[in-house]
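K.L.:
Spelled out from the first residue to the last, the chains are:
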Amino acid sequence: MTAVPSTAPAVVAVCLKWTPSPFDGGPLGPDEGDDRFAGVSPADRAALELALQLSDAIGASVTAIAAGPSAADRVLRDAVAAGATRAVRLDMAAGSDSRDVAFELAQVVADACVVLCGDYSLDRGSGAVPAFVAHHRRCAQALGLVSVDVTASASSVAGAPDGELTIHAVRRLDGGRREVLAVPTPCVLSVEGSVASLRRAPLRRALAARSAPVEVIATPPAHHHGAPAIVTPYRPRARTMPAPAGEDVLGRLRALTDAGTSGGRGETVELAPREAAARIVDTLRGWGYLD
Amino acid sequence: MDDRSLTTTDCDVVVVGAGPAGTCAAIVLARAGLDVVLLERGPFPGSKNMYGGVVYPRILDELIPSWWEEAPVQRWVTRRSTMVLTPDQALTVDFRSQRWGAPPYNGATAYRPDFDHWLAAHAEAAGAQLVCSTTVTGLLRDAGGRVVGVRTDRPDGDLRTRLVIACDGVNSFLAKEAGLYPPVDAANYTLGVKETLALPKDVIDERFGVRGREGVDIEILGGTGGVNGGGFVYTNLDTVAVGAVLKLPKLAAQRRRPEEIIAGLKSHPAIAPLVEGAEVKEYSAHLIPEAGLSMMPRLAGDGMLVAGDAAAMCLAAGIWLEGVNFAMASGMYAGRAAVEALRAGDLSTAGLAGYERRLSSTFVLRDHRKLRRAPSLVLSDRVQHVYPELITSVVERMFRVDNPAPKPGLRRIVRDETKRLGVRTRDLVRDGIDGLRSFG
Ligand SMILES: Cc1cc2nc3c(=O)[nH]c(=O)nc-3n(C[C@H](O)[C@H](O)[C@H](O)COP(=O)(O)OP(=O)(O)OC[C@H]3O[C@@H](n4cnc5c(N)ncnc54)[C@H](O)[C@@H]3O)c2cc1C
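Protein chains in written order, with the numbering used here: chain A, 1 to 291; chain B, 1 to 440.
Think of the hints as simulated: they come from the structure by calculation, not from any bench. From the three backbone atoms N, C-alpha and C, an ideal C-beta is built for every residue, glycine too. There may be inaccurate statements among the hints.
[What the hints assert, rightly or not] Just a few of them, taken from the derived set where beta-carbon distance is under 8 Å, the chain A residues facing chain B:
1. Arg-200
2. Arg-204
3. Arg-285
When you get a sec, could you build the whole thing from the sequences and use the hints?
P.N.:
Structure (structure tokens):
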């Protein structure tokens, strides 16, 4: 665990995934390279807002980072207009492998006590980048958060013996359940779009941000050639089901969908993180999802 | 009045609205080395804007030489038709010129989100500071009532300036707030509605008889289901725009939905084969300042100019529906007058008089003056509901072969038909004179 450094000013980093136009072409649709519809997801905007709130509360500066071509500078300047103090662009092609992007991001966010990301991008990628960043930084991660308590997080510094910052957040679990988390820092968090709505940039800042400097970091050629490890979120394969028998329509529907009948699979266990992770992997393998 | 009192300004000029008027004003100002801020409420220029679909960009020769090499044009209009419709008849005057398909061209179909975005890039390249997603909510004025800036919907959103050029489109809230507008009358406005329909390019080429980038512009009188107005059909590369322009009080009185009227137009036997099988991609609607000269506001106030639709510059005269070129020109002249006034240090109404002088000596106000009777004539009940029937029935009888009856002479047909439709010769002559005065 790392305390908010008392000598160097604290940094909150926010990673913004610039995505080229997510729409199809065709009549009235934008052409390739049309930057009018390019941008970041509502989840990324929520991450930026949280980064700004958190930095206000703990007296940190905010570094906004995007990976992409020069067209991505616009989202960084928008972030500066909203209040980010530093803008960094990793000069990479759009659609680079998530592992490469995460590796490069991890270098830039090395000094950040909290790294915030959206939990999905406009092109609905796998959401894996925040996890890879946490892996490279060897720090805690909490993904898919539905709320972050900025006030409680900021006041954790005063209460902690070493002035450590702990992030108080809530994560969505299956079945409508919630997980209340106290995440030690440094950490990587990804948040849903509903967590916060991005403030409007003041007019003068919006004007000044038009010429705000963006640090451009050249990145080496991709490390991961060939098919990326994960290209889409994992979806269980379709299975052929025999048509359920019986007169009762609701009963047939239930049999077909498992609705209300599949309680047998859920299991609550309390384990240390390493064992818990191993147990999850074993269970998924047992269910045939990792074949 | 000199403007020495204005020492604390954020910029020289604030232009409100990055439509064709505002952007052309910004281009002129920025190229003159002035500090100009262009405020646009949409996320990018053109995102909020719609029109029928034909732009006449020759005025851009003065701002962007060889604009045709880079403008985001869909098709060059080489075929222009005027159609008169009754429920089951259509009379079309069809003109084609291949000369319009080569530089310097005449009209072009273009999508506004593309065209306005492209034009605004020229303003930015010239040095104008474009800030989008920013709505101007009011004017800042000094104790003497002079405009000294704008208020926007952003935090810390006031901007003080030496001159405001209001190019905020048809609703023209800023000119109204400044007291430049006469009382608003809904009869001066029409509602323009449009469907954009997707069809493969080769199908459009075949149905409309064009090739490559050639395009068609059809202006329609009648076919608007009894609501005074007109219709249009324009070809884009792989879409067709079908729309109607509807007089507001008539639309309200008849309690008709505008989309019903487009549906009626699309099912007319003369239009249906053109759009059959097309998929609706977009429905949009927008007001048009239709009454021209008779509804124009004062064009300048202390510290403020008004251009484009905000100044009712759109020319809507039946066979002509031209707004974008009038907006671009008025914006450009507003920009030039502003440069002159800023250099002279006089931004009072008198100091800004160069604007109206320029408009008066060019097509902008000259066309409006010449055509000042046209909007009310074209939208009058006789032109809308009686003459289409009169013209088509005269033509129908001319071409009908009623053997064994011999062919009637044209004079007799006209006499019969005017009598049948209850058209008084007095009205016919008066409307004819009005028409000649306007269009002659
Ligand atoms: C259905 C229809 C068909 C038409 N067909 C044609 C045609 O075929 N050919 C033709 O030449 N003309 C046509 N016109 C007319 C033409 O569209 C207008 O005359 C032209 O767009 C006027 O340009 P403008 O720049 O004055 O205003 P607009 O194009 O309306 O631009 C105004 C700009 O100001 C912005 N704005 C408004 N309020 C604010 C605010 N408060 N703060 C910040 N920004 C603001 C808007 O978002 C917009 O970008 C048609 C109009 C309609 C409705």
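K.L.:
Classify the hint on Arg-285 (chain A) as holds or violated, based on whether any CB of chain B lies nearer than 8 Å to its CB.
P.N.:
It is violated, given that the least Cβ distance between Arg-285 (chain A) and chain B is near 47 Å, above 8 Å.
K.L.:
Is the shortest C-beta separation between Arg-200 (chain A) and chain B less than 8 Å?
P.N.:
holds, 5 Å
K.L.:
Checking hints one by one. Is Arg-204 (chain A) an interface residue toward chain B, by the C-beta closer than 8 Å rule?
P.N.:
holds, 6 Å
Hint 3 from the list above is the single one not met by this structure.
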